[in-house]
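Asks: Now for the letters of each chain:
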Amino acid sequence: MVAEYGVKYAVHIITNHFGDLVAKVCDCLLRRGPLTRQNIKRYTELSDEQVKNALLVLIQQNCVQAFSTEQPGTFGDAPKVNTQYAVLFDNILHRLRFAKFLTIVSQEFDKQCGELLQGLLEHGRLTLKQMFDRAKASQQEGNLVVLDSVREILLKLVTAHYVERCPAPEPLLMPTNEEENPARKRGPKSAKKNEESETIEQQVIAAAVPMEAMRFSVVTEMEFDDGGEGKEKSKNRMIPGEKRKHHFLESDDCGAGDEQTVLYRANFEEFIRHLRHKACIDNVRERLDDGAASVLSAMLEATRSAEKKVKTKNSVPLSLSSIYEEVIKSEAGRNMTLDHVRASLVQLGQPPFVKGSSDSYSIEFEKIIEIAQNDEVESIVLKRYGRDAYRIFRLLSKAGRLLETDKISDTTFVEKKDAPKVLYKLWKDGYLHMESFVISVLVPENNFTSMYFVKIWLLKKLVVAGARQSQFLLWKVNKHILWEHVLDEMFHAALNLSLRVACELDQEKELLNLPADKRTGALQDRYNRLRKVRILMESSQMKLDDSIMLFHDF
Amino acid sequence: MSKRKRPDSNTPADALTEHEHIIYDVIRSKQDMGIWTRDMKRELQTNIPDNIVTKSLKSLQAKKLIKEVVNIQNKGRKHFMAVEFKPSKEISGGAWYVEGNLDTDFIKVVKDQCIKHINRLKVATLEGITDSIKRSGVFKDDLTKQQIEEIVRALVLDDEILEVKSNGSGEFANIPVGKICYKSMSRGSSGGGPKLQGLASVPCGVCPQINLCTPDGIISPKTCVYYTKWLDF
Ligand code: SF4
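Chain order of the listed sequences is S and V.
Numbered per full-length UniProt numbering, the first sequence spans residues 1 to 554.
Numbered per full-length UniProt numbering, the second sequence spans residues 1 to 233.
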């Protein structure tokens, strides 16, 4: 389930983009999980028409995925198929990352690719014909747009996996990852089993996605042959004019591979993977140096195609020579010697960013991400609670186990009387986990000096006659819970930031509507201030979103 | 109150009242831990009235048999110890404490020295740092390896230096494989903590009121003063 402020933030985004009605449906799905149209109507108290329209918008914008489940019929009735709608939380957040996605494409490709992607991001999903129409509408004089050239551009983006075919509109929900055999029927009972490890939304996405070869292929007017799989082949299949036969994988995949019916959309997964790689490189550059960053970047390039999902733990192994080969391909790495690369790999070995053993090296994504996450949380602790708290937090975070107050104050050089206060504050705000631990020392009647220690966990005090009790407090960082908490604070902060931006702009509405030549004197000053405010806030939004990705998407 | 001479008049406990004697024995038996007056009263076999206890303690102090020490765990409590003992670490707080307070000035000096020597050595083991500091002769009394270790550990927590394991090659060439070493931070001179990341760079990230702040509440981003200050150009 998405955290409270995650839901609020997502609904805020949808309200801004598509208005209150659509947001209401979105809110309902985010809070209640997948629902039938009937139930959405019931919970939102909207009319059937309103619900339908809201769902259409959300589906068009890739924020909702429909799916069907089958309920076995009772008393000899035929099984009943139910259509439900699942909201895709991640895709809602991606809406604020469109600028980042466009930057990636415009850096890697030309302007036309950027324009095509922009169309897809704006409209959610488009057919080749629609893309062509858009290109024609914006064409400049003397610059004739032909269908084939639009197809070429699309092909480039599809080959790079930045654009994909839309998923099946309404897959039958399968209990396990059986994309290879989507026709097999399963009762809802067995569907339950998998829910612990995979959310329904994840299952729906997995069930809807077309097979790799189909997902990244571009239709031609001609029928084509669906021979081998893999993107290398699919590239060849695109050459227009070649005789091919279409093979149907999904019932929705339109008949004769028609440019009017097959829908395309931006493949967010690939963009996120790209941003994840970039975050890894930036992190390594900051901790180590440019050489290490170049080596990591080359390794990412060489292993990218083998990555199956965004949250890959580690890359496939590479040999030193293959890494070197890749390094010298890049501009930054062209001057690196083999020795330099080897030295960088040694550098990357601590704490393992890259794990190496006998000429095989693989990237430890998880470690790199984890360190970046630690940095983020530590920087919050430092700024919010001060340096003593920062040292204490780092001690507990590194220790990964319960430590006692005294031991903490000794190790961190925090005054004995201050340490409990700092610890308490961190605990109260959800940054630490605390356990109390009572030791009873039995003081026997005679002066017999042996002592009995009785441990009682968690405030369950044992009453022993004549016993003296001392309470000890033990502390620890529970990363799993804390990370969720921090992420929720990030959503909260992002929501606040966005609300404040709107508020600032709203206050100066009149000023903004004023023509430039009327802005003089004090007005000009106010305008300049507003510009600075906007730049600061918008860049902060971007940075904050980077952090959200670090905790949510990577 | 009966005064009774002890047979052996050479002991320091000479010329003690019976009560003083009992109290002294209890305090002394606690060695370098000393004892809190209330705990002591509880341990006394016979019931001695409070005013007598107080008087006896005064007298024992005057006779230089016991001393009052600061107990770091609880500075408000009266804590006594026989004069011949040095307060244990639990009571005094250890080498970094003077009279129950953390000796922050001294700690700062030792920290700075450690950083200086690590920077000079680039990569150093604990022994290397201790040695280097000893040879520099900055400190009148040599610091023990353990003291240096405590400081170096704290510097790691401060993110001023890095703790790494030697792999025996490159900069670690002179250090056995697997040995823990300390390295100066390569990232500029900024040192001491991470750069401000996403959440910490906006007002809400460091806001003490975040749990009370709601879009339309009394504390709300629309009226938030932290934002007003942040956006004050
Ligand atoms: S908007 Fe203001 S009051 Fe609310 S959390 Fe952010 S900084 Fe704090």
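Don't read these hints as lab results, they were simulated from the structure.
Idealized CB from N, CA, C, for every residue including glycine.
It cannot be assumed that every hint is accurate.
Restraint ranges, calculated between C-beta atoms of paired labels, are given here [what the hints assert, rightly or not]:
#, chain 1, residue 1, chain 2, residue 2, range
1, V, K179, S, E366, 25 to 31 Å
2, V, S136, S, K532, 28 to 34 Å
3, S, R401, V, K55, 47 to 53 Å
4, S, D20, V, E163, 31 to 37 Å
5, S, L402, V, S136, 44 to 50 Å
6, S, K417, V, R42, 48 to 54 Å
7, V, S136, S, S319, 44 to 50 Å
Below, a list of computed lysine-lysine pairs in the DSS-like style, where the Cα atoms sit at most 27 Å apart [unchecked claim]:
#, chain 1, residue 1, chain 2, residue 2
8, V, K165, S, K417
9, V, K89, V, K134
10, V, K179, S, K509
11, S, K383, V, K183
12, S, K417, V, K122
13, S, K383, V, K179
14, V, K55, V, K111
15, S, K398, V, K179
16, V, K75, V, K64
17, S, K278, S, K398
18, S, K479, V, K165
19, V, K30, V, K64
20, S, K367, V, K122
21, V, K64, S, K421
22, V, K67, S, K421
23, S, K355, S, K329
24, V, K89, V, K30
25, S, K416, V, K86
26, S, K421, V, K108
27, S, K428, S, K407
28, S, K8, S, K313
29, S, K428, V, K75
30, V, K67, V, K55
Asks: To test your reading of the hints: which numbers does this structure violate?
Replies: 2, 4, 5, 6, 8, 10, 12, 13, 14, 21, 22, 28
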